[in-house]
Amino acid sequence: MIMLQTEALAKSFTLHLQGGVAIPVLRDVSLTLCAGECVALAGPSGAGKSTLMRCLYGNYGADAGRILLRHGGALVDIAQADARLMREVRRDTLGYVSQFLRVIPRVATLDIVAEPMRARGVPADEARARAAALLTRLNMPPALHGLPPATFSGGEQQRVNLARGFAAGHPVLLLDEPTASLDTGNADVVIALIAEARAAGCAIIGIFHDVAVRDRVADRLFQVQPVYEPA
Amino acid sequence: MIDGYNFGYLDEATKRMIRRALLKAVCIPGHQVPFGAREMPLPYGWGTGGIQVTASVLGPDDGLKVIDQGADDTTNAVSIRHFFGRVAGVATTESTPEATIIQTRHRIPETPLREGQILVYQVPMPEPLFKLEPRVAETTRLHGLAEYGLMQVKLYEDIARQGEVATSYNHPVMVNHRYLMSPSPIPAFDNPKMHMNAGLQLFGAGREKRIYAVPPYTHVQSLDFEDHPFKPVRAPYACAICGSEESYLDEVITDDQGGRMHVCSDTDYCASRPPV
Amino acid sequence: MNALLEATGLHLRFGAVRALDDVAVSIWPGEVVAIVGESGSGKSSLLRVLAGMQRAHAGRVLYRDAAGATHGILDASDAALRRLMRSDWGFVHQNARDALRMEVSAGGNVGERLMAAGQRHYGNIREVAAHWLERVEMDPARIDETPKNFSGGMQQRLQIARTLVTNPRLVFMDEPTGGLDVSVQARLLDLIRGLVADLGLAVLLVTHDIAAARLLAHRIMVMRHGQVVEEGLTDRVLDDPRHPYTQLLVSSVLAA
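Residue numbers (this note's numbering), protein chains in the order written: chain R, 72 to 302; chain X, 71 to 346; chain E, -3 to 252.
Just so you know, the hints here were simulated from the structure itself, not pulled from any lab data.
Computed from a predicted structure; not experimentally measured.
Quick reminder that beta carbons are idealized off the backbone N, C-alpha and C, glycines included.
Be careful, since some hints might not be right.
Unchecked claim - Quick look at which bits of chain E chain R covers, simulated, 3 or more residues with Cβ under 8 Å: (1) 180 to 191; (2) 209 to 215; (3) 229 to 236; (4) 240 to 248.
Claimed, not checked - Far from chain R, by Cβ distances over 10 Å, these chain E residues were calculated: (5) Thr4; (6) Phe10; (7) Gly11; (8) Asp18; (9) Ala63; (10) Asp71; (11) Ala75; (12) Met81; (13) Glu130; (14) Ile139; (15) Asp140; (16) Glu141.
Kindly produce the complete structure, drawing on both the sequences and the hints.
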């Protein structure tokens, strides 16, 4: 079943502060993603892989084309979604694990991970329990669960980010360099998490810098062609 | 009656103006009505408002009683009573049941009023919210919108600081379930007498130029909390002269050894009872 | 679901200056909308018009209460507006001293809106006040102290407690962290974030602090010279600003 499909998606950036120079990044991107699949975005650095992912999440605004997402049983063009619909989509259907955890001061790790579940109505105790289990699986000991992640290492912060992304159980998941700051042991945990999510019907798009990891998790590659040609 | 002055000192046009204000006040119990207070032959702060109200409702057949802190024989009561004797020629009395108009400074007589009697209060500051909100524009709005939370806050503060409400006199009342009113600086003990009173209660503030009224049989309730209800307080003694254990008492220092006695504040009430 | 507050076609001029130039804004229950812009952008005027504190020269503002009834705000009577502000709405001022009674105890300040709404049980009022002091991370033992002796951050937290005690559905906030020390700001923002999430409040937040907007708001509106130049999901507007002014604003923010 198709969970996500883009049609002629295009995105460019106009830098008004630099004299209005326009930088095209994506042109005519048509991608299809089915339930249970894991598609890896491939292409050279700067080709627009992260940009594409951010467009899918609504973090960047697409200039043209459609992004059809199966939300609430029907395919919805989220490129045209207003802010309220996008919030709902992100709450219920579309998850995103960015490359870096955005740190909010004073909130405990456990609550950061539990938050997407709480937003979907999961009771606090249950959400925290699932969060704790996932964090432990990612080799984050319980001693850290009550601490805000501001002082954690990059790898630890990324594991918090991953736990948050996988805990809620979104049907469609976007993963941007999920194993970038992890050692082999933790990378293996992530690979297992991806496999379990897929087995549960989750559709995943990922950017994997590590080719070995990519080959273990991805069904197929989607090539993102760079649009911008250096002078 | 003295020559060269109109009956009751004020000219008829002024009395008419004051009566209009009084009528309006009676129609809106507890609401302060501005009026054009006149220059009176005594300074502000000495009862000019009360005198102007009395002068406007006084007729040749009335019997006038004037009391000051409950007494007929203190300086101010005597002066004002003589004043009306000279400018109106009306009968004056010290007897509460016999009077038709009673002008009072800071007390309500112990003897209940009957229908047809008028009680005229002298009021220094008509605005009950003045100490909490000095801006007239704002208090006008608060009264208009019946927003009296501020006064309740003041009572809350009293309880928080002292364990009980601190206002021993001039305790604010809600009149006719609508307007917050200052009863004038009568002791809190007197507040319950205002409720469902058979007489007409008129209030005059000369310096502030405001008139207000409580018509007969009007609901008047002292502000309080459910769990800190209003309690009238009096000194726990019997009057040394008449033995009353119900009237409001004055404490009189009798010598320089700390000797004291407690006697009724209301002189007429005390005098009308057999002495102990 | 219907919008809580819907404003369209708002115009406001001060002489030749267009404070609001055809502005529209809506807010839904449980949503935080930040209105950002620099001085003179019109953001504070917009907030004041929406809260009924200032009449616009043209336009419409509709508020939908819990029962579903709509109230027109621009031509509402003083009495109706004050009723709304006492029950359904709250307003957090930039300067806590504008909202607090400095001579009244913390408990009296928090309890005032309850007393204004007709509550008459001293013990209950005190209990609710103490509860809210704890909610804003103040020591409930200070319930009888006056805010004269409180720090700026504490005064602001007291103002928040005083505002939220009547469980408003919509809270207007005008630069709630303005003028406070940075560490105090961070704590206050986090407090607001938590309360908004716990209570499902709708908040219209005016701020010039983009980082605060990112932290608190679901949606953001960027204003300049009385116009809304860009609006949308907070992360979209801040990470992919389209309008030249938004790009300027975002690039001007210093990251620590």
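We went through each hint and held it up to the structure:
| no. | hint | in the structure |
| --- | --- | --- |
| 1 | 180 to 191 | holds (count 4) |
| 2 | 209 to 215 | holds (count 3) |
| 3 | 229 to 236 | holds (count 5) |
| 4 | 240 to 248 | holds (count 4) |
| 5 | Thr4 | holds (16 Å) |
| 6 | Phe10 | holds (29 Å) |
| 7 | Gly11 | holds (31 Å) |
| 8 | Asp18 | holds (19 Å) |
| 9 | Ala63 | holds (23 Å) |
| 10 | Asp71 | holds (28 Å) |
| 11 | Ala75 | holds (33 Å) |
| 12 | Met81 | holds (26 Å) |
| 13 | Glu130 | holds (17 Å) |
| 14 | Ile139 | holds (25 Å) |
| 15 | Asp140 | holds (29 Å) |
| 16 | Glu141 | holds (25 Å) |
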